[in-house]
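Colleague: Based on these hints, arrange chains F and Y on the given structure of chain P.
Chains as they are written, first to last, in this note's numbering: chain P, 786 to 1289; chain F, 2 to 158; chain Y, 3 to 324.
Check each hint, because a few of them may be wrong.
Stated by the list, open to error - With a cut-off of at most 27 angstroms between alpha-carbon atoms, the simulated DSS-like pairs for lysine-lysine come out as follows:
#, chain 1, residue 1, chain 2, residue 2
1, Y, K209, P, K1244
2, P, K1279, F, K3
3, P, K1244, Y, K148
4, F, K3, P, K1278
5, Y, K139, Y, K209
6, P, K1244, Y, K146
Hints were generated in silico from the structure; no laboratory data involved.
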Amino acid sequence: MNPDIIDGFTQATLASTLAATAVGCLLGLVVGMIPGLTISTGIIIVLPLTFVLPPDISIALLLGLYVSGMTGGSFSAILLNIPGTPSASATALDGYPMAARGDAGHALGLAITASFIGGLFSFLCLFLIAPLLADLALKFQSPDLFSLVFFGLTIICSFAARSLIKGLLSALIGLMILTIGQDPMMGTARFTFGQVNLIAGVHFLTALIGLFAIPQLVDNLSAAVRDGQGGTSRARIRRILPTLNDLKSIRLPVAIGAPIGAFLGILPGAGGPIAAFISYDYAKKLSRSPERFGDGAPEGIAAPEAANNAVTGGALIPMMTLGIPGDPVTAILIGALLVHGLAPGPLLFLERGDFAYGIIFSFFWANIFNVIIAFLGLRYLVKVLAMPKSLLMPIIAILCVIGSYALRNNFFDVYVMFGFGLLGLAMRWLDMPVVPLLLALVLGRPLEEHLRVSLVASKGEIDIFFTSPFSLFFLAMAGLSIFWSLNAERRAKKAARNEMESKQ
Amino acid sequence: MKTMRKRNLISAAILIAIGIGYAVLAVQLPTRNIENATGPSFFPLVVVTGFLILAAALLVQAMRGRANLGAVPVLAKISRRTYIWSLAAAVLYLVALPYLGFIAANIPLFAALMILYGEKRTVWIAAGSIGICLAIFFVFREVFQIQLPAGILGGLV
Amino acid sequence: MKILNALFIGTAAVALIAAADARAEWPEKPIQFIIPFGAGGGADIEGRLIAKAMSGVLGQPVVPINKPGGGGAITYTFVKNSAPDGYTVAWNSTSVLTTTNIGNVPFDYTALEHIGQVAQQPVPFVVKKNARWNTLKAFMDECKAKPNTLKVAFAGFGSATHMAGVAMTQLSGCKAIMLPVKGPDRRKMILSGETDAAVDIFFVPLKFVKAGKMKFLAISSGKRNPAAPNVPTAKELGLDMEFDLFRGLSVAKGTPQAIKDKLEGAMIKAANSKAFAGRMKKLKLTLAPMGQAQFNAKLAKANANIVAIMKKAGIYKSKMKK
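Bound conformation, chain P alone (with noise of 0.2 angstroms):
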């Protein structure tokens, strides 16, 4: 057996880094739960610790706040009708009803062992594929390499946006704000209008704090605003832990979801609410009794829960062997890594494999950790929901500032954090989806320097995209993901137009 497989397993096993995937399941629950905060808000609270805690520690926190945050959004989808997340959404069409029903416990157990199942499957995927695919990535040169990150950014821009136009607006937008600071190869300092604070160009974390966070402080304001405090649950739960029945009636939107979950979790840009809906769709088809969906069906709840679950295993895929993330959250991992000096991508299993496997063995114990959490702490854990919104969104608030400023230890950085603040506001006005720019804010690095490298060793011939087949494979992909996008768009277009006709 690899060596670096005990190594790994002994890291994530040691007593520090169990209790930090320990504490991040925890404030992923919670965040998780609170409608108004996703994930994202999680990871901005905990981001400045990263920066101090060794990287084993902080990545472990991270993974278990990403896995138990997919499974809180189910709590308060269940319980208030709100998704706690997006991903979270589909839960609520026969989680709520189920609780309306009186078995609010029913459902939260439910959507808890599905979560629990559909993790562990992305688990193995994650155990078996991530290595193969580092060793094939190991054959990709620059011109392969480039053609993947194009790829990655197109497919991320043909799930987000509604118009593939403004998706790839984004993205490109996210691209020129790379540019600005030192370009890679020459050093040639680019649009930083002689300021020093500039040269390093602009972090990705210092947007994505800007871009994800303010938005949602001013969406809270309307909510407190609009509803006064948040809402309080009066469903009573009381039996948690699911009987055997239970656990039978859930066996196919399981066996559906999860691997639905685990393969959209690789491509990057679908995530968890995509995932969860074609999954909640292919399980409605699939059962024999159709009609009882959105009625309080248990597989209507165990199908998106196993599916946005799975989701995390798979998107961890791309982001350990290839560099590439599928979310911000993801993308907030990547950054984790580079913090300490570890770049993810195939030599991370060569140089460091160890540490490669300590990540998959934290993301198992994460899963473990959730479930155990989520059983034993549902009936506290609910009580958040009661918080306070006006003490809650200025703590929130602080630690932007505090997190934008503890990366480079810099004000500046604050300032460019609050002008992306207003950047996504405007970016919300204009339905322009941000998640294609804060990916491209971390792609467009490698984007760039495969490009020039590639054309610097082929002395300017631009043929060997083409002639290699990994580079034609992935250039044809990112054709096929816009095509695809297109066509969507279109039908959805029509599907629009002809609702409006109906209706006149």
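Modeller: Below, chains F and Y alone, put in the same frame as chain P:
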């Protein structure tokens, strides 16, 4: 539908202006004569070309009224005055932060935010803002070993 | 009004304490230790170890603060502009010579005063284990015979590995395709055969050399390295160069000599501390503490060398001109 069309038109125009400005700057970037190497303006120019094409496409779509899909996004249902005041207060806070430091600047910010988010009890506001800001500052310094500048309170804490 | 009064009194008290500080013996308050790299990286961990050991010697906390960016430009500018009282020190590296000479900042290394060096490592010329060249000469000869065919990867124009790479190739009269590639990608490109050779930092590829996947053809420093005793230095091979990646301390210009001497003493003690020496040994970096006089002589020599290389490569102060 109409509001979204207006928004698309305005933003497409702004984006095109930004793109042109960026392209002008990119062309003027200093470069070095290094053999076999693409210059620093190469990648920015590739990016801005795509950007301008897409911004133009957005403009065309908006003019034909076809870029609209789904509901018009709403930022926050608060009055314009609240918006302007919050923005002004945020800017004031940011300017003052380096001088006042993380405790002295954060306490008024925290109190203001508590009021903004609907807290009305004065005692709660005072206790919450002072207590939490101090707690965060010291937790970061003593537990997490992250030094936050204390500004004018530098000699006291 | 009461609060305002209290504030005034408080501020006045602080000012008084600060004034009293100036007359007391240095150091009377915590020292800022500015690290030009992000938290958690190798250079950062070593900086923190030194800072910790120095606080033990000086009896005041030495607080590490990361100000990464611009190849050190941000840190050096910050320390240059700080008060010359020894309370702000920079954890320097070869970047103090490269980022200044390439023109990232409008000053050169003499705008700061330097306390000394802690450790150094050579820059090796690396190829794949089964590559057809067994000596640097064989590589350079092939490169001379067929210009613009062999590829050499390095970390980016103006970086220390670029300096070493340019020196090794140009002094041998070789014209290679120079590929600027960051971090682990450089090692990956050697393994996948995309580049023929790379100029890299020392200790990471050393693992691959030990694992039988790569080999060193030469190193840039003046002396052979005990971790790879069979690898010849570039100087032995007849190339007129001597080049190290070093780490040490710098302060603002005009810092009193007495304070600099104290810092030097504390730094050398910290470098020889068990924690730091242990890490150097583990990483196979050379622990080579030296004081102001020796380090300034070394810097002058290295600076002249780097200026010469940069002029040859056409990148000297190249940020300045349009």
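Colleague: Does each hint hold? Answer for all of them.
Modeller: Taking the hints in turn, this is what the structure says about them:
A threshold of 27 angstroms between alpha carbons decides the hint, and for K209(Y) with K1244(P) the separation of about 32 angstroms lies outside it, so the pair is violated. Between K1279(P) and K3(F) the alpha-carbon distance is near 18 angstroms, which keeps this suggested pair within the 27 angstroms criterion. Taking the CA atoms of K1244(P) and K148(Y), the gap is about 15 angstroms. The hint holds against a cut of 27 angstroms. A distance of roughly 16 angstroms separates the Cα atoms of K3(F) and K1278(P); the hinted pair therefore holds under the 27 angstroms criterion.
Distance hint between K139(Y) and K209(Y) is fulfilled; the C-alpha atoms sit about 24 angstroms from each other, no more than 27 angstroms. Straight-line distance between C-alpha atoms of K1244(P) and K146(Y) comes to about 18 angstroms, which keeps the hinted pair within the 27 angstroms bound.
When each numbered hint is compared with the structure, a violation occurs for hint 1 only.
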